[in-house]
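Engineer: Sequence:
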Amino acid sequence: MHTEKALRRGLSTKNEITGQGAVLSNRGSAELQHEQEYLDRLYTRVDALRGRTASAVREAQQPEGSTQQARVERDVRVAERSGLLAALNAVDGSLCFGRIDRTDGASYHIGRIGIREDDTERTPVLIDWRAPVARPFYLATGHTTMGLRRRRHLTTRGRTVTEIHDELLDLGDEERTGHEDPTGDAVLLASLDAARTGRMNDIVRTIQAEQDRIIRAPHRGVLVVEGGPGTGKTAVALHRAAFLLYEHRESLARRAVLIVGPNPAFLAYIGEVLPSLGETGVLLSTLGELYPGLTAQGTDTPRAAVVKGREEMAEALRRAVRDRQQVPEPGEPLVVPHDDGDLVIDWHLADEAREAARAAGLQHNLARPHFAFRVLDALTAQLVERIGTDPYGGPNLLGADDVAQLGKAIAANPDVHAAIADLWPELTPEEFVADYLADPVYLDERDAEAIRRPATEPADWTAADVPLLDEAAELLGVDDSAQRAAAEAGRQERIAYAEGVLEVARGSESYEFEDAESEILGAHDVIDAERMAERHEEADHRTAAERAAADRTWAFGHIVVDEAQELSPMAWRLLMRRCPTRSMTLVGDPVQTGEEAGVGSWDGILRPYLGDRWEHTRLGVNYRTPAEIMELAAAVVRARHPGFAPPSSVRSTGTRPWARQVPVGELPAAVAASAAARIPEEGRLAVIAPRRLHEALAARLPGVVAGGEPDLTRHLVLLGPRQAKGLEFDRVLVVEPGEFGTSDLYVALTRATQSLGLLHAAPLPAPLAEVLAGEEAAGPA
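Following full-length UniProt numbering, the numbering of the sequence shown begins with 1 at its first residue and continues without gaps.
Source of the hints: derived by calculation from the structure; they are not laboratory data. Cβ atoms here follow ideal geometry from the backbone N, Cα and C, with glycine treated the same way. Some clues are possibly wrong.
[As the list claims (entries may be wrong)] Per label pair, the in silico range of CB-to-CB distance: (1) 297 x 666: 34 to 42 Å; (2) 441 x 499: 51 to 59 Å; (3) 669 x 195: 26 to 34 Å.
Given only the sequences and the hints, what does the whole structure look like? Please build it.
Structural biologist: So, in structure tokens, the structure goes:
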């Protein structure tokens with residue numbers, strides 16, 4: 001493998017470096033030993049911290065009392081120390097990866113977390129990669145040294161230093177270590193060439209300057225990170241999340257960071273990145289998991305997904321909710337039996353109650369009590385007039401107490417409640433959306449037919465249903481007045497109990513309560529009953545991410561959306577509600593938009609919410625896809641968009657893509673034979689094929705099962721093109737590329753880091769055939 005930069009710079013320095021002989025060899029061994037000793041010192045410190053923290057967790061789990069306060073304090077200690085222990089365990093195998101030597105003589109080792117010498121010493125022995133002092137490790141060049149004379153990359157295996165690569169930044173520095181890297185690319189190229197594991201690795205060792213600027217961009221507003229295949233946009237977004245949690249720990253840890261991915265396989269693929277950087281409190285979710293209590297596992301037709309995703313659905317649902325606020329037809333009143341004569345709810349009474357309830361400006365379920373009270377008052381007035389009317393024309397014979405008793409009797413009448421429920425039902429989002437999909441209204445007939453789903457069928461919710469459920473929840477609201485009343489009653493009981501305790505305490509000269517905060521400030525205060533009660537309330541000790549996952553109304557501190565161009569307008573309404581501060585990092589590539597419901601353009605996504613108040617940046621270097629493969633993939637897009645400019649590949653492998661045509665009936669066997677010959681001992685092979693072929697192919701591919709989410713840790717996986725988004729494999733076989741649309745084909749062709757083959761029975765798409773013309777079309781079976 002080679003790069004143009006390596007060729008330009010490496011050949012001129014090769015003889016110079018290799019000719020320095022045994023002196024540098026000995027010096028190099030000494031440097032390696034020195035770094036090993038330093039790493040041993042770091043791990044000794046980490047092991048001590050881990051052991052102490054594990055003991056603290058065990059001790060914290062032991063009850064220190066039976067009181068509620070003792071239980072609360074124990075839970076807090078367990079949560080805090082368990083989080084620290086998880087972070088220490090996550091970075092164990094790759095703790096330190098670099099060192100910077102400054103021109104002023106200072107040296108700093110750089111790692112995934114920061115570590116100090118001991119509990120009392122403030123001197124750091126390992127600098128967190130996110131700290132400002134570590135930034136020159138990523139940005140310094142020979143032209144702009146940022147005060148560095150040398151940058152050292154450490155390669156480790158477990159707890160052993162295996163390689164050192166030094167970059168000289170101060171050209172006047174004549175010291176040599178024997179580990180100089182003439183190109184500065186060795187560590188990056190080694191990571192690009194390494195076999196894939198089925199899990200994304202962090203890029204903290206090899207962050208490039210353009211990526212670092214995005215990772216450390218100021219925490220405000222919406223930042224769009226656009227990049228073609230292999231530009232590292234997902235990794236950049238994840239490292240940005242880690243950086244923001246480092247910089248704004250207090251606020252973001254409390255409000256949590258949400259990362260939204262396109263499918264469960266993708267979330268499993270990226271799931272180890274943030275823990276490897278010491279961050280374990282982030283919520284990873286697909287769109288179909290963002291409605292608490294359900295996971296969307298159903299499948300929509302492409303047409304249904306498009307219709308459900310349109311902005312117009314919000315208005316259709318709003319109008320459908322209003323339709324559930326009914327009144328009797330004129331001349332056809334509801335008659336409610338009553339001991340003192342039938343009660344009548346006619347059009348006029350119900351319409352007046354409905355308009356009054358709507359005027360309150362509340363959500364449907366919250367406005368329902370207003371409607372009910374109006375109806376109850378009107379029915380009470382009917383009885384009062386019927387029973388209490390003075391036959392001689394005098395004032396009503398019933399007193400206030402009599403009227404109140406009649407009102408209570410009517411309010412307790414189940415037939416009255418049934419009538420109110422018919423006119424203004426209390427609705428859950430699930431039942432409302434299920435009913436709506438059974439009879440979609442306020443859509444044209446073609447769109448209505450596309451999303452129609454019988455309400456008698458079990459609810460098999462789809463990802464496109466989740467924004468509809470969320471929208472319905474916003475329109476309906478939850479009448480939690482009873483729960484709030486119960487909570488307030490409990491609070492008053494605690495205050496009364498606290499007041500009793502304080503009365504006893506005030507009678508004792510030796511007993512007093514001090515407010516801890518006031519004591520810190522140098523003041524002395526006697527605690528009151530209300531504050532004492534608040535201190536002894538049961539606390540929620542779940543992490544912020546756990547609480548956010550269970551709370552539909554949670555407001556996240558920051559949201560990262562991957563493959564953002566794929567989400568529908570209705571999905572964006574959901575996400576914008578989840579982040580009122582509009583603090584987001586959106587990553588994607590409009591060229592790769594495959595979902596018909598996707599917005600595709602950044603302006604189309606953001607203008608309804610932000611106007612032009614958002615920032616856009618682009619990553620232009622492809623670190624994954626070799627130049628030979630990228631040339632073929634770019635031709636597919638250029639056929640529709642002649643001005644298309646793909647990201648520039650940093651490397652070539654010398655291996656060109658191949659294609660082979662076989663008879664239709666022999667295609668599954670040909671795929672199986674080609675896959676068997678190419679499954680790597682290390683690394684991963686992906687077969688990317690149309691869904692219609694998956695069952696036939698899975699029957700011939702060892703260990704592969706059609707349907708469900710693929711296990712990316714296996715050496716061979718079978719995927720559709722949209723399942724492959726954001727993923728990468730050492731080798732890829734694309735089957736029947738002519739059946740893919742432009743975006744899907746572009747995605748399929750750009751997943752490989754090493755080699756690409758095409759197997760087909762139908763003719764190749766013209767752009768592929770043209771690029772491959774003149775080359776050997778068939779590869780070995």
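Engineer: The structure should be examined with respect to each hint, and the outcome stated for every one.
Structural biologist: Here's how the hints hold up against the structure:
1. 297 x 666: 34 to 42 Å: holds (35 Å)
2. 441 x 499: 51 to 59 Å: holds (56 Å)
3. 669 x 195: 26 to 34 Å: Taking Cβ atoms as reference, residue 669 and residue 195 lie about 27 Å apart, which means the hint holds.
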